[in-house]
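> Residue 325 is where the sequence shown ends in this note's numbering, and the numbering goes up by one at each step.
By construction, these hints were calculated from the structure, which means they are not laboratory data.
In silico DSS-like pairs for lysine-lysine, Cα to Cα no more than 27 Å straight-line: (1) Lys161 to Lys183; (2) Lys125 to Lys138; (3) Lys209 to Lys219; (4) Lys55 to Lys209; (5) Lys55 to Lys210; (6) Lys131 to Lys114; (7) Lys183 to Lys125; (8) Lys225 to Lys74; (9) Lys63 to Lys183; (10) Lys138 to Lys74; (11) Lys74 to Lys161; (12) Lys257 to Lys219; (13) Lys271 to Lys171; (14) Lys183 to Lys171; (15) Lys125 to Lys114; (16) Lys161 to Lys55; (17) Lys63 to Lys111; (18) Lys218 to Lys63; (19) Lys270 to Lys296; (20) Lys218 to Lys254; (21) Lys74 to Lys183; (22) Lys225 to Lys209; (23) Lys138 to Lys181; (24) Lys57 to Lys188; (25) Lys254 to Lys291; (26) Lys254 to Lys219; (27) Lys210 to Lys188; (28) Lys218 to Lys171; (29) Lys63 to Lys74; (30) Lys181 to Lys219; (31) Lys209 to Lys223; (32) Lys188 to Lys138; (33) Lys161 to Lys218; (34) Lys161 to Lys188; (35) Lys188 to Lys131; (36) Lys188 to Lys125.
Each pair of labels, with its calculated beta carbon distance range: (37) Asp99 to Tyr323: 52 to 62 Å; (38) Gly187 to Glu130: 18 to 28 Å; (39) Ala60 to Leu320: 53 to 63 Å; (40) Lys63 to Gly187: 17 to 27 Å.
The beta-carbon is built from N, C-alpha and C at its ideal position, and this holds for glycine as well.
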Amino acid sequence: MKLSENRLRLEVRKILLREKIRRVGRSMDDVSLSDEVAASVDWGNIVVDNDGTSKMKNPANVKWGDEPDSNSRKSAWLYLKPFIPAGALLTRALATQEDQERIIKNYAADKGYKGAAGDIDAMHKFLTQEKGMEIARKVGRGHGGAQRTGALDLSGADLDKIWASVVFVNKHFSEFIEFAKLKQGRGKSSIIERNNNAVHVHFDIANVKKPFNVEEFKKAVVKVKGSDVASSETTDDSGTTDDGSPGPTQQGAKWEKVGNPITLKNIEYKKIKKTDSGVSTVYLVNKEQGKVLKRKAGVKQGWDLGITDEVTGSELQTILDNYPG
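Start from the sequences and build out the full structure, keeping to the hints where you can.
Written as structure tokens, this is what we have:
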């Protein structure tokens, strides 16, 4: 698949960001990831719903515990679920000690343990000391639910992208949920478990600030999508009417410059966003040449000459007339 110039630029930025984090040894919490995550959010595929079993590796293995804390743990998952990257799956939430020992046994078998069968302590030592895995011997805070806590284990996609989705939710939906940051101390931290190929997302029940309400959260998502954070290349801004035209009237519409300029075929375009009645449309505008591009109908992301149409006629004149100086 051929990447557009702007999509390629975004991918390079993500690679450079990860390299910077690796080089200076900082956690991803120490770097602002908001713009990076916004650039990767496919708003056209965001689904906010009450289906707690979707995006799970094996729903039968995911436990939530007893009420009322079980509802808070489910809410934490439903707040995060819409934003995890494609392919990412929830593998577990609450766990009993029996569950933990089964997981240790499974990992030990997978990693080539040759010691005494049934010796959980030896298996745990093999995994943590020889294989560098991060796995607790006993459940407690987090997966064990001790001291009114919870945890979500996610795998199946790039671990940095999974963690970035947690950072994104913390930043933009803190009125609903606040997940633990990295490196907060034992039993209090989220962890990127690279040797386990998983991200452990820790939270306190007290930081699940509202029970999940699908309609309330949908409104919050729409609000974030319509803000400047959604002016990235993957924002669903294909138009205000079925044919992508700006509609019959511009009264009350807001016009603003967003993002960085884009160069296509040696012509530099500014990105202009029009917001009308809560619906946003982004155009590429070169006012000096009187050229305006918009995405073809049905295209939700990216900018390339192959997926854009040139705006003409009265629609073109309306955009040029409202071009923010």
